[in-house]
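**Q** Here is what each chain is made of, one letter per residue.
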Amino acid sequence: MTVSVIRFGGSNCDRDAVAALEHLDIDAEIVWHEDGLPEGTTGIVLPGGFSYGDYLRAGAIAAHSPILEEVREAAKNGVPVLGVCNGAQVGCESGLTDGVFTTNESARFQCEHVYLRVERDDTPWTAGYETGDVIEIPIAHGEGRYEIDDDRLTQLETDGRVLFRYCDADGTLSAEANPNGSKHNVAGVLGDHETVAVMMPHPERATLPDVGGTDGQAILRGFERVDRQ
Amino acid sequence: MSEADSDHELIVAELGREPTPAEAALFENLWSEHCAYRSSRPLLSAFESEGEQVVVGPGDDAAVVALPSYDDTSAGDRDIPEAGSNSDVYITLGIESHNHPSYVDPFDGAATGVGGIVRDTLSMGAYPIALTDSLYFGSFDREHSRYLFEGVVDGISHYGNCIGVPTVGGSVDFHPDYEGNPLVNVACVGLLNEDRLVTAVAQEPGNKLVLVGNATGRDGLGGASFASEDLAEDAETEDRPAVQVGDPYAEKLLIEANEQLIDEGLIESARDLGAAGLGGASSELVAKGGLGAHIELERVHQREPNMTPLEILLAESQERMCYEVEPDNVDRVREIADRFDLGCSVIGDVTDGNYVCTFKEDEQDESERQTVVDVDAEFLGEGAPMNDLPWNEPAEAGTELPEFDLETAFDAVVGSPNTASKRWVYRQYDHEVGVRTSVPPGDDAALIAIREAECGLAIAAGAAPNWTAANPEAGARAVALENATNLAVKGATPLAAVDCLNGGNPEKPDVYGGFKGIVDGLAGMCAELSVPIVGGNVSLYNDSVSGPIPPTPTLAMVGTKASYEAPPLAATADEDATLLLVGDDALEADSFALGGSEYLVQQDGTDRFPTLPENAPARLEALETVANDDSTLATHDVSHGGLAVSLAEMVTETAGLAVSIETDSPAGALFHETPGRALVLTTDPESVRATFDGVAPVASIGATTTDGTLSVTVGEDTLERTAGEISERRSVIEAELE
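So the protein lines, in turn, are chains A and B. Read in UniProt numbering, the first sequence has 42 at position 42, and its numbers run on one by one without any break. Read in UniProt numbering, the second sequence has 724 at position 724, and its numbers run on one by one without any break.
Hints are supplied without guarantee of correctness; some may be wrong.
Unchecked claim - A few chain A residues facing chain B, derived, Cβ under 8 Å:
{"hint": "1", "residue": "G10"}
{"hint": "2", "residue": "A19"}
{"hint": "3", "residue": "F50"}
{"hint": "4", "residue": "Y55"}
{"hint": "5", "residue": "N104"}
{"hint": "6", "residue": "A107"}
{"hint": "7", "residue": "R108"}
{"hint": "8", "residue": "F109"}
{"hint": "9", "residue": "G160"}
Derived from the structure by calculation, the hints contain no laboratory data. Only a predicted model underlies this, so the values are computations on that prediction, with no experimental measurement involved. Beta carbons are placed, not taken as given, at the ideal position from N, Cα and C, and that holds for glycine.
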């Protein structure tokens with residue numbers, strides 16, 4: 001299996017994603033968006049960064065890159081897709097997932113470690129945790145506030161498509177624990193299929209043991225889980 | 001005769017004719033203080049820049065230093081590599097100021113400062129892996145200082161985050177004398193290996209000069225000469241056209257394109273376009289190789305119509321690189337530039353003649369081509385006469401100490417914006433991209449993992465305006481020792497440093513005397529510590545209607561260690577732990593000098609500057625040993641704000657400190673700022689004492705508690721502050737700006 005990490009102009013977490021996946025013995029390669037999706041791609045990462053310099057709106061231009069057509073097609077066929085940070089913005093902009101990630105409540109860029117509560121443990125991305133587990137993962141974004149209209153949010157929650165919410169160290173949801181003002185503390189959601197997920201926090205930054213925590217490893221192992229299915 | 005007139009005579013004598021307008025403008029920029037260091041170069045020979053680890057020293061775009069090889073750690077517990085055991089993994093070090101532009105336009109001025117130093121890194125064949133920013137503003141309570149501070153941090157955050165280079169450290173200081181002239185000093189570390197090294201020395205006549213990156217417009221005209229005079233009262237409106245506007249997206253593409261060009265071995269030499277634009281970069285490149293060039297200026301890809309040859313030559317449009325490429329490789333270079341949506345033009349050839357620029361307009365035929373520049377490249381680059389300026393020895397203030405009240409003094413110093421938490425700043429910088437950052441900002445030094453060489457690289461950067469204002473030379477010595485101590489307390493051995501020397505108008509003898517002081521001080525201590533100064537930057541004329549800045553020697557120092565781990569700064573509650581204060585000779589003698597301290601700044605007093613230890617290298621070595629010992633639970637450098645601030649910073653909600661200090665001078669003991677000291681929390685105080693035996697005093701001053709409170713008894717006085725109270729005081733910047 002080989003996971004394709006899609007590099008757009010301005011992606012900057014592409015190498016980090018490859019390093020983290022390879023640390024977990026998951027083969028991964030960087031794919032330049034103009035070169036199209038390689039034959040036999042078994043997973044797709046839309047990495048963080050500032051695709052197209054965030055001009056227009058974060059993720060908006062990359063979402064119209066022709067490779068996104070191929071990504072949507074692959075997603076439909078069950079290939080696992082994980083969008084992280086700017087990749088999550090691209091995921092929402094391209095219709096892979098519902099809602100949008102927009103300017104933080106603080107109106108500033110925030111780089112810090114946050115706690116996430118795992119909302120369900122029966123998806124490929126969260127099977128390594130138990131529902132209610134609290135994990136520590138870094139964020140680094142200026143536009144990470146999850147927004148969606150109330151009806152669709154209710155639907156999303158009823159469908160169980162909220163993967164992670166920002167919380168305190170003990171798992172309590174609160175305004176203080178919500179770093180960017182996301183609606184209902186939402187930090188990551190599933191698409192139409194449980195094999196498609198986007199999240200603002202960076203699991204690849206919480207994977208290599210020599211630079212801190214390893215709480216993000218189980219999320220990246222989602223690629224293995226789908227592969228085995 | 002004015003400098004301009006005497007330069008003109010010299011130029012006419014060399015050329016044997018009047019210079020053309022384009023030549024005159026080139027000379028004005030390249031012979032400016034900013035580019036030619038006319039007033040500072042006579043002093044800079046004080047710096048030792050050599051060492052077995054130094055691959056490329058001062059004078060190129062960035063310095064190149066070999067990392068040690070930690071394969072053979074036979075030297076014992078300290079994991080110190082044998083001298084000369086360099087690995088083939090190299091780092092680049094560079095530092096740059098963007099002071100005047102950041103006053104006129106703080107967001108774009110600071111952002112383009114980041115862009116410039118990153119391209120200096122690229123042009124050595126390196127990939128940028130870390131940035132530090134040292135920032136200096138007027139008093140924090142002034143509205144204008146806050147406007148500049150917010151704009152500068154926003155600019156750095158915007159540009160640095162977007163290009164994916166982590167900002168892992170730096171410093172922020174406030175001092176009234178930066179009111180009319182803030183400083184923005186940016187340092188960059190890059191990573192490369194022996195095979196990838198490229199320099200700015202042109203190699204071979206017949207090779208092509210290729211310009212890759214942004215299109216050239218009329219932005220930033222005359223930036224080098226703008227940086228070489230005092231800031232005028234109307235600078236914010238009048239000098240705005242001299243400030244460039246950055247495009248971090250283009251820079252990111254340039255980083256990746258450069259990486260691929262180096263991967264494929266397509267580059268013979270490289271220089272980034274900075275001060276004096278294409279004229280500066282291309283002439284310096286060929287001058288270094290003792291060669292010349294023929295450049296056809298109309299070939300430069302432009303984004304504005306009807307640009308004159310002079311504008312094309314001198315515009316400081318950002319995100320451009322000049323490469324020397326073998327003719328057979330030009331097509332491949334163009335393909336790579338195209339892939340990254342970057343402009344690319346083959347602008348001319350390397351020759352063995354003069355540096356020649358010609359120009360013809362679009363509709364003209366070749367017979368109407370005019371020569372606009374025809375000079376010897378070396379004369380252009382190196383011919384500027386040096387200034388021998390008069391200087392006055394700085395005078396030190398006498399002693400006038402304020403009345404001491406422990407609670408008032410503690411709260412004022414711990415709550416000062418200078419010593420306060422800088423979390424508001426570094427939270428806006430992506431400090432983790434690249435997955436190398438193992439010790440993030442907020443500690444004494446940052447630590448990043450260089451897995452390619454299996455070593456940790458510790459980085460510390462900063463200066464101390466209060467110290468160098470009180471005593472330029474001793475203050476600068478202290479700055480060097482302080483940065484080295486920041487590395488040592490995290491267990492790293494200093495490897496090399498770059499400096500950014502900021503001063504006021506050198507034509508004022510008092511200002512020049514202070515500048516000379518910081519050069520001598522920095523050079524002296526770095527030599528004593530065997531830390532080569534491998535490169536740097538000088539920024540003079542930081543002078544405005546509100547007067548000169550304090551002489552400011554920003555140092556960015558790196559050190560290495562065998563692991564990616566370091567003891568934390570914060571205490572952990574452990575009943576077996578003892579809190580030691582190591583290296584405090586003044587406490588041992590119970591005699592203190594408070595000159596340059598935040599305490600005297602807050603409480604309005606003066607005193608002589610402290611005497612620094614004579615055996616600094618031995619102290620640092622002992623600190624390193626202790627920091628890397630398993631029984632060490634936490635280490636924290638003691639300097640800015642003195643022992644009081646360092647103790648306050650170690651306390652957490654779950655770990656308090658109970659401290660007792662015997663002294664007849666509580667103010668001196670808590671607030672003197674002599675560097676080279678540290679707090680060590682250890683379960684094996686005897687081994688620390690043994691390590692420091694014969695090196696420096698070790699005082700046992702306390703233990704941890706579980707109540708999250710700092711309790712201090714100093715002489716007859718006592719003080720208690722909870723972690724919550726301390727944290728509230730320390731978050732003054734956040735509280736005021738959110």
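**Q** A separate judgement is required for each hint: does it hold in the structure or not?
**A** How the hints compare with the structure:
no., hint, result
1, G10, "holds (5 Å)"
2, A19, "holds (6 Å)"
3, F50, "holds (4 Å)"
4, Y55, "holds (7 Å)"
5, N104, "violated (11 Å)"
6, A107, "violated (10 Å)"
7, R108, "holds (6 Å)"
8, F109, "holds (5 Å)"
9, G160, "violated (31 Å)"
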